[in-house]
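Visitor: Below are the chains, spelled out letter by letter.
Protein chains: 4
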Amino acid sequence: MNPQNPSFAREVEDSFTREPIMKLIGARLSLVEPGIVEITLPNRADLLQQNGYLHAGIITTIADSASGCAAYTLMPAGSNVLSVEFKVNLLRPAQGETFVARAEVIKAGKTLTVVRADVFAMNEGEERQLVATMQGTMICIAAPE
Amino acid sequence: MNPQNPSFAREVEDSFTREPIMKLIGARLSLVEPGIVEITLPNRADLLQQNGYLHAGIITTIADSASGCAAYTLMPAGSNVLSVEFKVNLLRPAQGETFVARAEVIKAGKTLTVVRADVFAMNEGEERQLVATMQGTMICIAAPE
Amino acid sequence: MNPQNPSFAREVEDSFTREPIMKLIGARLSLVEPGIVEITLPNRADLLQQNGYLHAGIITTIADSASGCAAYTLMPAGSNVLSVEFKVNLLRPAQGETFVARAEVIKAGKTLTVVRADVFAMNEGEERQLVATMQGTMICIAAPE
Amino acid sequence: MNPQNPSFAREVEDSFTREPIMKLIGARLSLVEPGIVEITLPNRADLLQQNGYLHAGIITTIADSASGCAAYTLMPAGSNVLSVEFKVNLLRPAQGETFVARAEVIKAGKTLTVVRADVFAMNEGEERQLVATMQGTMICIAAPE
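Chains as they are written, first to last, in my numbering: chain A, 1 to 145; chain B, 1 to 145; chain C, 1 to 145; chain D, 1 to 145.
Pulled out of the complex, with its shape left as it was, chain A reads as follows (with noise of 0.2 Å):
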């Protein structure tokens, strides 16, 4: 795939700076690549539910946000990003050190995106183990000519 936006690494950094709720739940991007990026998120106590596995709403905020990013590697410089929908399965209790979003294009349009994301949990000395996958569309909102 091939990004139309030379500076596309530092646009979705800057985009991913912009966004507060990533701040407050302490996730940080990983990998920016021309369609995919990951954006990881180290367990903490309070994104938990009530059994203790992290919210499936904080699982697919990453999810989410690695899904917007990714759609926005492939788009012009100056335009925006919006989610337009999306479906999560969850797999597996999301028990874990860290959780790894990972998000790759299936298939880029000029106005819609489409964009799979799955969600890992990671312990030291264990395998990667897959908790959710998401299937979404993110739409492209051009600059102002």
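Hint data in this document are derived by calculation from the structure and do not stem from the laboratory. What you are looking at is a predicted structure, and each value in this text was computed from that prediction instead of being measured. Keep in mind that the hints are not guaranteed to be accurate.
Partner residues aside, some chain D positions facing chain C, computed with beta carbon under 8 Å [stated by the list, open to error]: (1) E13; (2) S15; (3) R18; (4) P20; (5) I21; (6) N51; (7) G57; (8) I58; (9) D64.
Quick list of the computed label-pair ranges, beta carbon to beta carbon [said to hold, decoys possible]: (10) A:P20 x D:Q129: 14 to 24 Å; (11) A:A9 x C:L31: 43 to 53 Å; (12) C:E124 x B:E127: 39 to 49 Å; (13) C:T17 x D:E97: 23 to 33 Å; (14) D:E13 x B:N123: 56 to 66 Å; (15) C:L130 x B:D46: 32 to 42 Å; (16) A:E127 x C:I141: 42 to 52 Å; (17) C:P76 x B:R28: 39 to 49 Å; (18) A:A143 x B:D46: 20 to 30 Å; (19) B:K23 x D:L31: 26 to 36 Å; (20) D:P76 x A:P93: 21 to 31 Å; (21) B:E126 x C:M1: 15 to 25 Å.
Computed cross-link-like contacts, DSSO-like style, restricted to lysine-lysine with a CA-CA straight-line distance of at most 30 Å [to be verified]: (22) B:K23 x A:K23; (23) C:K23 x D:K23; (24) C:K107 x A:K107; (25) B:K107 x D:K107; (26) D:K107 x B:K110; (27) C:K107 x B:K107.
C-beta: ideal position from N, C-alpha, C; glycine also.
Use these hints to put chains B, C and D onto chain A, whose structure you have.
Guide: Chains B, C and D in isolation, oriented as in the chain A frame:
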């Protein structure tokens, strides 16, 4: 819809109180009826995405918890509820002083319960606006016999 | 909801008539109002899956066409409508003499329209039963200028 | 993925043969492996929507049956499989001589199995094109003891 558990309201409140993420974002339970639950979230600068709208993941966080609680009102005493999957359509930029997620059970089953949740933005003196809608599945984990 | 196209009903009927699959399965348009469309499908042995229920793909076929037509009632004259995505929850075994898919627009936009469609099973002398519900997105392809 | 049922291939074929809708549209089972099933559908004029593309509901019909069969390969002998929910993103106009739905199990559980299905369009002498992708949940109905 008839609750099987006469203490459903107290059990939902207990379960909600045990969700640390609800405290982090400042959400509170505002309505608990058989098959219907509302969660209210005052807007806050650290919950936003890059354009100043409530992050889609936080919209999902309150919609998912409201859905889980709505399903839980109809489950037997001592059971547990987990999210299986959900799909969210984002309809408008989520701007408001307060947000409310209202979940209603569409079909309660012994194992699986299907729930719809609408998320509204509210501003003083204005009509509430639908900003997102979720359609999801919750699973009942039965109490050990 | 106010239709922009005064001939919306005729345009929807024309579009429906041009869908060969509707003829193959025996579906007919039974209601066309601004933002609301119903499609009726008499049950037939060759539409079923292995347990004798209406196949989930055929449930989806009528729900998707009803959704596209409902969105289309609110689009400008001469435009075209395509499905972007949809999600279907199957709620009960689809058994009945007749099925009705009823689609209603939740949010009409210039480009994207979000629609909900409920599919009901009907048996003479009984209340209709909700067997599936769809939440989907339709896109307006504008008429060439 | 290890099938629990040594006769899984024959059981899947039997189940597929008992789906009358597959005969109506002309679909056939073209691959059965543990956790993976393909269904092939030759294009036909009576399966199309108003623009001459394969109807999204028929895309869903083969994706859903392939998903159910893929889940079924990993279920115990004598059980039954039903669709709980699915979400489909339509990526490109579905034009082709033949369509193939390829389903793969992402996570097999005792009760619920999550499956992804890609639908490809094929034209002689060309690379196959991804036209739609589905993410769904199947439920195992255990054999009566």
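Visitor: State for each hint whether it applies.
Guide: Results for each hint:
Violation of the interface hint for E13 (chain D) is found here, the shortest Cβ-Cβ separation to chain C being roughly 12 Å, above the 8 Å cut-off. This hint holds: S15 (chain D) has a C-beta 5 Å from the nearest C-beta of chain C, less than the 8 Å allowed. Of the supplied interface hints, the one on R18 (chain D) holds, with its beta-carbon coming within about 4 Å of a beta-carbon of chain C, less than 8 Å. Contact between P20 (chain D) and chain C, as hinted, is supported at the beta carbon level, the nearest pair being about 5 Å apart and thus within 8 Å.
Below 8 Å, beta-carbon pairs count as interface contacts, and I21 (chain D) has one with chain C at about 4 Å; its hint therefore holds. Annotation: interface hint on N51 (chain D) holds; nearest CB of chain C at approximately 7 Å, less than 8 Å. Interface restraint check: G57 (chain D) against chain C, minimum CB-CB distance 3 Å, threshold 8 Å, status holds. This hint holds: I58 (chain D) has a C-beta 6 Å from the nearest C-beta of chain C, less than the 8 Å allowed.
The beta carbon of D64 (chain D) comes within 5 Å of a beta carbon in chain C, closer than 8 Å, and the hint placing it at the interface holds. Roughly 40 Å separates the CB atoms of P20 (chain A) and Q129 (chain D), a value that falls outside the hinted 14 to 24 Å. Judged by the Cβ atoms, the range 43 to 53 Å given for A9 (chain A) and L31 (chain C) holds: they are separated by roughly 52 Å. As the Cβ distance of E124 (chain C) to E127 (chain B) is approximately 42 Å, the hint placing it in 39 to 49 Å holds.
In this structure, T17 (chain C) and E97 (chain D) meet the distance hint of 23 to 33 Å, their C-beta atoms being roughly 26 Å apart. Between E13 (chain D) and N123 (chain B) the Cβ separation comes to about 59 Å, which falls inside the hinted range of 56 to 66 Å. For the hinted restraint 32 to 42 Å between L130 (chain C) and D46 (chain B), the CB-CB distance of approximately 40 Å keeps it satisfied. A hinted range of 42 to 52 Å holds for the C-beta pair E127 (chain A) and I141 (chain C), which are about 46 Å apart.
For the pair P76 (chain C) and R28 (chain B), the beta carbons lie near 44 Å from each other, so the given range of 39 to 49 Å is met. A hinted range of 20 to 30 Å for the beta carbons of A143 (chain A) and D46 (chain B) is consistent with their spacing of about 28 Å. Hint check: K23 (chain B) to L31 (chain D), Cβ distance near 50 Å, so the stated range 26 to 36 Å is violated. In this structure the hint that P76 (chain D) and P93 (chain A) lie 21 to 31 Å apart at CB holds, the actual value being about 24 Å.
At about 20 Å, the beta-carbon gap between E126 (chain B) and M1 (chain C) stays in the expected band of 15 to 25 Å. Under the criterion of a C-alpha separation no larger than 30 Å, the hint pairing K23 (chain B) with K23 (chain A) is consistent with the structure, at around 16 Å. This hinted pair checks out: K23 (chain C) and K23 (chain D) have alpha carbons roughly 16 Å apart, not beyond 30 Å. Proximity of K107 (chain C) to K107 (chain A) is assessed by CA-CA distance (about 25 Å); at most 30 Å being required, the pair is judged to hold.
Only pairs whose Cα atoms come within 30 Å are accepted, and K107 (chain B) paired with K107 (chain D) is accepted, the gap being roughly 25 Å. Taking the CA atoms of K107 (chain D) and K110 (chain B), the gap is near 22 Å; set against the 30 Å cutoff, the hint holds. The hinted pair formed by K107 (chain C) and K107 (chain B) meets the criterion: a straight-line CA distance of about 24 Å does not exceed 30 Å.
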